[in-house]
Every structure is written in structure tokens, then in C-alpha cells.
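Visitor: Listed here are the chains, written in short residue letters.
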Amino acid sequence: MSAPALCFDSVFLSYPSRTTWAVEGLCMEVHSFEVVGLIGPNGAGKSTALKLAAGLLAPQSGRVLVHGLDPSRLARREAARVVALVPAALHVAFPLTVRDLVATGRTAHLSGIFESPADRQAIGEAMCAMQVEDLADRAFDCLSAGEQKRVLIARALAQEPKVMLLDEPTANLDIAQGVTVLDKIVSLARARGVAVLAAIHDLNLALLHCDRVALMKEGRLRAVGPPEAALSGPTVQEVFGCRVHVGRNSMNGRMFLVPVSPGGWSAPTDTSCPRREPPL
Amino acid sequence: MRRGRWTIFLLAVLLVVVAFLSVALGSTPLCLWAAIDGPGVDRTVLLHERLPRTLTGGLVGAALSVCGLVFQSLLANPLADPYVIGVAGGAAVGGTIAMTFSIWSAWVGAFLGGLGAIGLTFRLSRDRAGRLRAYEVLLVGVVFNTFASAVVMFLKTVVRAEKAQEMLLWLMGTLSSEARGPIALGLLGAATFLSIGLLWSEAPALNAMALGEEDAARVGVDPGQVSRRVLAAGALLVAAAVSVAGMIGFVGLIIPHAARLVVGNDHRVGIPACALLGGAFLIAADLGTRLLFPVFETEAPVGVLTAMVGAPAFVWLLKRRLS
Chain A
0 MSAPALCFDS VFLSYPSRTT WAVEGLCMEV HSFEVVGLIG PNGAGKSTAL KLAAGLLAPQ
60 SGRVLVHGLD PSRLARREAA RVVALVPAAL HVAFPLTVRD LVATGRTAHL SGIFESPADR
120 QAIGEAMCAM QVEDLADRAF DCLSAGEQKR VLIARALAQE PKVMLLDEPT ANLDIAQGVT
180 VLDKIVSLAR ARGVAVLAAI HDLNLALLHC DRVALMKEGR LRAVGPPEAA LSGPTVQEVF
240 GCRVHVGRNS MNGRMFLVPV SPGGWSAPTD TSCPRREPPL
Chain B
0 MRRGRWTIFL LAVLLVVVAF LSVALGSTPL CLWAAIDGPG VDRTVLLHER LPRTLTGGLV
60 GAALSVCGLV FQSLLANPLA DPYVIGVAGG AAVGGTIAMT FSIWSAWVGA FLGGLGAIGL
120 TFRLSRDRAG RLRAYEVLLV GVVFNTFASA VVMFLKTVVR AEKAQEMLLW LMGTLSSEAR
180 GPIALGLLGA ATFLSIGLLW SEAPALNAMA LGEEDAARVG VDPGQVSRRV LAAGALLVAA
240 AVSVAGMIGF VGLIIPHAAR LVVGNDHRVG IPACALLGGA FLIAADLGTR LLFPVFETEA
300 PVGVLTAMVG APAFVWLLKR RLS
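If you read the protein sequences in the order shown, they are chains A and B.
Number 181 in numbering that gives the first Met the number 0 belongs to position 182 of the first sequence; there are no gaps in the numbering.
Number 237 in numbering that gives the first Met the number 0 belongs to position 238 of the second sequence; there are no gaps in the numbering.
Each hint should be verified, as a subset may be incorrect.
A few chain B residues facing chain A, derived, Cβ under 7 angstroms [as the list claims (entries may be wrong)]:
| no. | residue |
| --- | --- |
| 1 | Ala-202 |
| 2 | Ala-216 |
| 3 | Val-218 |
| 4 | Val-220 |
Hints were generated in silico from the structure; no laboratory data involved.
We treat Cβ as the ideally placed atom computed from N, Cα and C, and that holds for glycine.
Please work from the sequences and hints to get the whole structure.
Guide: Encoded structure:
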């Protein structure tokens, strides 16, 4: 296999004023055309790993390489041309139009202060790919969560990165939006040869869309591999501390996971609110 | 962008019209033809009163408005204005000290005080790695301004009454001061054009910074570098404006918001729009104080007028935003 697009080589990082490692000895590779899901409980170090990959944090030991270069040592302008990070959400202080927001993705490509025809084309194509052209003149803060997510992904596409990092691309999305967004990301990876690393909370979406998944807990990588192998019942239970039922979808034979509460299912016994007859 | 160009053109026309009115109208009648025709009272009034005053108004208005716009974006905070980073406090202290001891002209003292305050604010707001933190700059600036206003109050109480009155008028902001000469005006012009040019060249970075430092870094902007450049250019603008015209309030808060409403949040259009609109607004406000002269038998400081117009206008904008 060719050289990896993104490579973590025994990476350690701790935040100041914390005694534990946020990321501890992380070794992992992501290749071009590949979609890798990063899975783990809150605080497992997923977002930290993404920031390391984007060069926004520098490892205290070990190396992060994006196409052979350390993104934290590159100038921000150089790094942003190679790797794009889509945040989980973006709060804007000023009412910015969708078009203006997507255009900020070209910041690292601009020569001078105005957009060249190539910049405008990249912006147009990115908005077209994420189907947000109709929203171009709308204010970003007035969009729904799903639309905002699509706009943020479009901005990352306008960066024309070789490695795309996504922090919870499906959080706050309804079931249809979640599937649509991940489908888009997978087809982009295939069409443009982008390497994708996405922190995903929804295990079933990860099972459906990822080529491989990496499970993290307390900063350490616990398992990595094809989704159905890595997300086995015992591993998920060990990582999340939650019992799960592993099933097969009779429609397509794909594996799915549903949580099982520790005490098993019991009928609600809430009697504080007596049931009232519906008004006539 | 096309709509932006038209807006810029219209704002430029507005500025020219307002500037012409400001030169033509005032408390003393002026015949422009006579002034152009040859030396005389009319020419003296034109060259030594109306023109410098109009120029100062345009430059100070542009400086404060652009500064307000870029500070708001840099700090990702719509409530920021040019005075937040401590320059105003420093300039006020410098100016009042100069007046108290009659050492320099007030504007020289104010300029030095403003630059000193920036130096101090920047020193105090570095983190352990030596990086300038925009948020800390804001906090240190606000605290410094409070400290400075205490110093100014103290100086006002210890000087003679007429000197205190002079200080009060200067602090309220006026364009009519006779004390500043062509040197001050030339320096103001140079500082304004240079700084606005520098800030305009940072427009794409400012577009990203308006989304927050963290997000700017994601799209390829070095927040520390942009903060340093923008704060330095902005500080020069404020120091120049305050030292020449005193503390003219609300221009730097209200004009950026008005410009954002008209041309959106793209700084490539927003910075020139702010400069033109701010210049026109302050010239018009100053013209207003002169035209109201016959009513009150005295000239109200232009800073009072801008604040009286600006405060309600800002509340209106805020309400509109919340509804």
C-alpha cells in the first residue's frame, strides 16, 4: 500500500494542568480514498487527535505526519491547504452569509485580497457538492443544524484538502440528514482521493459508512480495523461500559448495535403524575 | 462583490456631498466664489477654519469607524469599539498631563500617552508562550481605561477651574480646536491612510478572525500574527484620532454595524465602506453642531452629538437584532 495520507506515530499529548495524557501513544494511519471512523466515549481524546492531525496542537512526543509533513510545524497557510478540519459546530458573532462563510475556506489559497476565478470555481463546486447553493445568501446562524453542517463541510471542501477531518459530522442531525451527510463524505473520499478521519458517536452510522474504525478510550487506541470486527459486542462494552445487543439487519445482512440497559428493560413505574382522561 | 462596488461608489458620493456642505455652511457666512477668487476674509475662513475642520472630521471619522470594525472582528465581539484596548485611556491621561503642566500641545501628549498605553496593554496581555491573546487585550484594555479615567478625574480636580473646563471640552471630543496645526493634521492623514491600507490588506484574514481565533486557524490564518498586525495598525489609528479630536464616542461602534447592515461582513468591502461612511457621519455631525450654534448660542462638542445620536441608534440596532 502507498504511503499513508495521515500518520500518527506514537503520539503523546497532555493539556497543561492535567495529569493524564489526552492522547497516549497513538499509532494510526489513514490512507487516501479511505474513510476512517474515530469512536469512543466523551473525553476519550477523539477531538484532540483531530486537532493534532490538523496541526492545531503539537504532540509532546511522537510525530504526526500529513503526506510526510508535520502540520504543526507548517505555517498555518500551508497546513490549511493540505488538511481541513470541520468543527462540530460553529458559533458566529456576526450574521454571515453562507457564501461568505464558504469563501473563508479559500483564505489559504488567496493571492492578494480578492478571489481569483479559480477561487470562485472552488467555492461554487464545494457549495454544489454539499447542495447549499440555494442557501448562498441566507445568514449562517439562521440555518438548521443539518444545513449548518453541510455548509461547514462545503467550506472544508473549498480548502481543497488532501486530508479531511470531521468532528462529529452527524451530531444534531436527524436520521435522514445523518445518512445523507455521511454518504456525501464517502463519495467525496472516493471521487477526490481525500483521506477522511471522522469522530462519530453513532455506532450504526459508523458501521454503515466507514472503511475502518478506530476505538479510543482514555487517550489510548483500543481497537482498529474493519467496522464489524472492531465494533464487536465485548469491545464496545469494554470501551463504553455499556452492554449492547449485536444484531443483523435482515434487509441487507449488515450488523447493527443497540444498547441494553444494565438492569434489563422494565416498564416505567412513575406514579407521580396520574394519567388524565383526554378532554372531550 | 458587484453590489459592493456600487455601494462604495454611492458612499463616496455621499462623503463628497457632505464634505462640500460642511465647507460651504457654518456659523459665519462664507462666499465660496470670493474665497476662490482671491485673498480676503472668505479665503481665510475657508483655508484656516472650514477645510481643516472638514478634513479632520473625515479622517477621524474614517479612522474610528475602521478601527471599530476591525476590533469587533478581531475579538469576535460586536460590542468592541476603538477605545476598548486602552489607547483611549492612555491618550486621555497623556493629554490631560500635557494640559496640566502645559508642556506640550494636548495632542502630542495624547499621542504619546496612547502609544504608551498600547505598549503596556500588549505587554500585559501576552501568554506564557509570548503570544498576544486578543481576549486578554480586551480585558487589560478595559481595566486600564478605568484606571486612566481615575487619573484624569484626579488631574481635573487639582487644576484651576478654567483649565478643568478646557480639559472637559477636549475630552468630550471636538474638531474645532485651534491648538492643532497643519503638522497634527498631516500626521493624522498619514496615520489614517497608512493604517487603513494595512488593515485592508488583512481583510481576508479578518473575515476568518470574525469567526473566532480557533476557527481562523482552521482555515489557514495565524491568529497571533493577525492580532499583532491589526492591533498595531488599529492602535495607531486610535492614537492619531484621539490625540487630534479627543474622545468622540459611538462613531466607532455604530458605523461598523451600519456598514455591516449595508454591505455584509466581508471586510474587503466593509473596510472602505466603513471609512467612507464614518468620514461622512462625523463631518455631518460636526456640521450639525455648527448649525445648532444659533439655537444654543454655543457650540456643543461633536462627541456629545455623536453619542446622543449614536446611543439610541445602537439600541435600535440591538433590538432589531434580538427580534
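Visitor: With reference to the structure, classify each hint as holding or not holding.
Guide: Results for each hint:
| no. | hint | in the structure |
| --- | --- | --- |
| 1 | Ala-202 | holds (5 angstroms) |
| 2 | Ala-216 | holds (6 angstroms) |
| 3 | Val-218 | holds (5 angstroms) |
| 4 | Val-220 | holds (6 angstroms) |
Checked against the numbered hints above, the structure breaks none of them.
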